[in-house]
Amino acid sequence: MRHYFRELSVAAVLLVLLAALAIFAPAFYQPQPLLSLATREAPTLIVACGMALVIIARQIDISVGSQFSVCSVSAALLAAMHWPLALVLPASVAIGAVLGAINGALIAGLGLPSIVVTLATMVTLRQGLNMLRQGEWVSLPDNVQWFGLSQTVGQWLLVAAALALLVALGLAMRHLAGGRFVYAVGSDAEAARLAGIRPRLGTFFIFVFMGALTGLAAMMNIIQSPQVQPLSGVGLELKVIAAVVVGGVAISGGRGNLWGAFAGLLLLACIAPALTHLRIEAYWEKAIQGAIILLAVVADGLRSRKGDA
Amino acid sequence: MAATEQARRPAWKTLLFSYEALLLLVLVAEWLFFYFAGTTMNRRGVVVGFGTLDRQFDILRHSCEIGLLAVALTPVIITGGIDLSVGSLLGLCAILFGKFWHDGGLTIPTAIALTLVIGAAAGGLNAALITALRLPPLIVTLGTYSLFRGLAEAITHGAITYTNFPSAFLFLGQERWLGLPAQAWVSLPIGVAIWMLVHRMTFGRSFRAIGFSPDGARYAGLPVNRRLALVYVIAGVVSAVAAIIYTARLGQAKADAGTGYELFAITAVVLGGTSIFGGTGTVHGTMIGVAAIAVLKNGLACLPVVMRMNAAEEMSGLLTGALLLVALTAGVLPKIISELRARFHLGAKT
Numbered sequence: 001m002r003h004y005f006r007e008l009s010v011a012a013v014l015l016v017l018l019a020a021l022a023i024f025a026p027a028f029y030q031p032q033p034l035l036s037l038a039t040r041e042a043p044t045l046i047v048a049c050g051m052a053l054v055i056i057a058r059q060i061d062i063s064v065g066s067q068f069s070v071c072s073v074s075a076a077l078l079a080a081m082h083w084p085l086a087l088v089l090p091a092s093v094a095i096g097a098v099l100g101a102i103n104g105a106l107i108a109g110l111g112l113p114s115i116v117v118t119l120a121t122m123v124t125l126r127q128g129l130n131m132l133r134q135g136e137w138v139s140l141p142d143n144v145q146w147f148g149l150s151q152t153v154g155q156w157l158l159v160a161a162a163l164a165l166l167v168a169l170g171l172a173m174r175h176l177a178g179g180r181f182v183y184a185v186g187s188d189a190e191a192a193r194l195a196g197i198r199p200r201l202g203t204f205f206i207f208v209f210m211g212a213l214t215g216l217a218a219m220m221n222i223i224q225s226p227q228v229q230p231l232s233g234v235g236l237e238l239k240v241i242a243a244v245v246v247g248g249v250a251i252s253g254g255r256g257n258l259w260g261a262f263a264g265l266l267l268l269a270c271i272a273p274a275l276t277h278l279r280i281e282a283y284w285e286k287a288i289q290g291a292i293i294l295l296a297v298v299a300d301g302l303r304s305r306k307g308d309a
Numbered sequence: 001m002a003a004t005e006q007a008r009r010p011a012w013k014t015l016l017f018s019y020e021a022l023l024l025l026v027l028v029a030e031w032l033f034f035y036f037a038g039t040t041m042n043r044r045g046v047v048v049g050f051g052t053l054d055r056q057f058d059i060l061r062h063s064c065e066i067g068l069l070a071v072a073l074t075p076v077i078i079t080g081g082i083d084l085s086v087g088s089l090l091g092l093c094a095i096l097f098g099k100f101w102h103d104g105g106l107t108i109p110t111a112i113a114l115t116l117v118i119g120a121a122a123g124g125l126n127a128a129l130i131t132a133l134r135l136p137p138l139i140v141t142l143g144t145y146s147l148f149r150g151l152a153e154a155i156t157h158g159a160i161t162y163t164n165f166p167s168a169f170l171f172l173g174q175e176r177w178l179g180l181p182a183q184a185w186v187s188l189p190i191g192v193a194i195w196m197l198v199h200r201m202t203f204g205r206s207f208r209a210i211g212f213s214p215d216g217a218r219y220a221g222l223p224v225n226r227r228l229a230l231v232y233v234i235a236g237v238v239s240a241v242a243a244i245i246y247t248a249r250l251g252q253a254k255a256d257a258g259t260g261y262e263l264f265a266i267t268a269v270v271l272g273g274t275s276i277f278g279g280t281g282t283v284h285g286t287m288i289g290v291a292a293i294a295v296l297k298n299g300l301a302c303l304p305v306v307m308r309m310n311a312a313e314e315m316s317g318l319l320t321g322a323l324l325l326v327a328l329t330a331g332v333l334p335k336i337i338s339e340l341r342a343r344f345h346l347g348a349k350t
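Protein chains in written order, with our numbering: chain A, 1 to 309; chain B, 1 to 350.
Keep in mind that the hints are not guaranteed to be accurate.
As the list claims (entries may be wrong) - With the Cβ distance kept under 7 Å, some of the chain B side facing chain A (calculated, not the full set):
# : residue
1 : 157
2 : 158
3 : 276
4 : 314
5 : 318
Simulated from the structure, these hints should not be mistaken for lab results.
Glycine included, every Cβ here is placed at the ideal spot set by N, Cα and C.
Next up, chain A with everything else stripped away, as it sits in the complex (with noise of 0.2 Å):
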């Protein structure tokens, strides 16, 4: 229990906000406008389990925005140019894997630090793709939306595959050798190195797996809508690490899990519709998300202070 105190904390601030949800506004609890917010935030988990990863081995990635966009603009242009979906989903999870490798290249290979490396793939990317797209929609042909299903299905089928992801990432990383390996090197590489595992190694690999999510995420992004953006993915970095700070995973590493992540993310996306709901003005949905990223790792520093003492 007290092992998992940051964690319920996250969600019983949570379940505070959805009981004053249930009281001032119960407008909130219709089915249908909650089916399409989860879904919304669908591919969102997906970028932030990866992101939870790769915090907890103590790295960071701010290029997963634009690696976002760069997946989403090509699976659908090969979606446009009429591939089947069977072959444009592994493509974007591969374009992905390709663009986290260039990051876990840099980092890993030549013992760069992660946020400077991917401030600059994140540039880099966004600003190619601009190039080169000048901002284009890509418009996607009729059986690509939904997968070609109904609405209410394609939606309940992305929310259930988001967390059937997150179940199975959360178990790994609490079971799987491969999981704790994540900690040991987040926990301390010298001594993970010491003990017999390979740290660089292993920090690559975890780069490529969050390019590779984040391209499963693009993919889950475009059959939602019938058109495709260039600048969907941007901004998307700073939520994710939000919602993964806010769920107590801490950034000096090898503290947190999945479950936390989750909650922040939960809190973090209920925000925008509780002001609509609680008639407070959208506007301030940026400075109260920063505020609770303040208040999280405020509580976070007050706490290990009194570790210390």
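Model the placement of chain B on the given structure of chain A, informed by the hints.
Then chain B, alone, in the frame of chain A:
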């Protein structure tokens, strides 16, 4: 022979073979390239494009804001920290300045003074969280990055733009004074002041010591928290100055002012030879880095090829990102090479 020379290398030689000198050489080469490739004559025989004097002043004018942010970020990064919130703070200060003047009915000088105080307070917030709670600067300033921009959007409802500033104020951003763009007379002294702070005062030594080893600096008796607070407060105040210059140049204050500027500023600092791990770096290197990025951006817009593609903005962003990757790789290359050498020639050397 070579070894003894190395040991007694005079100061000018150290300077000549420094990274900054190399970067300066690259800058000159870059400038010459654009001078020859981007200057043309129009039909009336007037020189247009990159080679005109007006263009040089334009480059200086446009590099003032990012230059200020980059110069202020240099001590922050030397101490091993980072400040992602400077671009957002620029936006917040710009619209607060507009609000003080437009809605608050303050005079321009009072509004400027108040904006600088806001900048100091915002930097103080970063500093307090980083020093008092020992939180990582990356995540603190990520939070304030979101907070400051969000406050700017909330105050303006994402729509209000403050305009119609008096012409005496716009002079600061749009006119020339004593031959130089007026804002250069503000930015350059600030740059020199920060250069003095980092390179000619004991403060600079303590910044480097903290960057190398915060614990070591603490054991050596340095007031680590006060020094760290100082660099973040300076970053806040300088962001406010940049906000005022930005507003004066564009004649309007909007909530999205300075979006993405933190990126260009960090790029300029790293390109200028400051280690992102902290401990080493120079302010003049940063200034050359800023100039290299500004010349690249302006020069590309003058190249006929790029003009036809209508993608100067995107291309300069792309090249800036690529340039940052190259500079980073070049920075660790000697270490990598010596590592590989050690691995393959271990027997032969020892």
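Task: Enumerated hints in conflict with the structure, sorted upward - done: Per hint list: zero violations.
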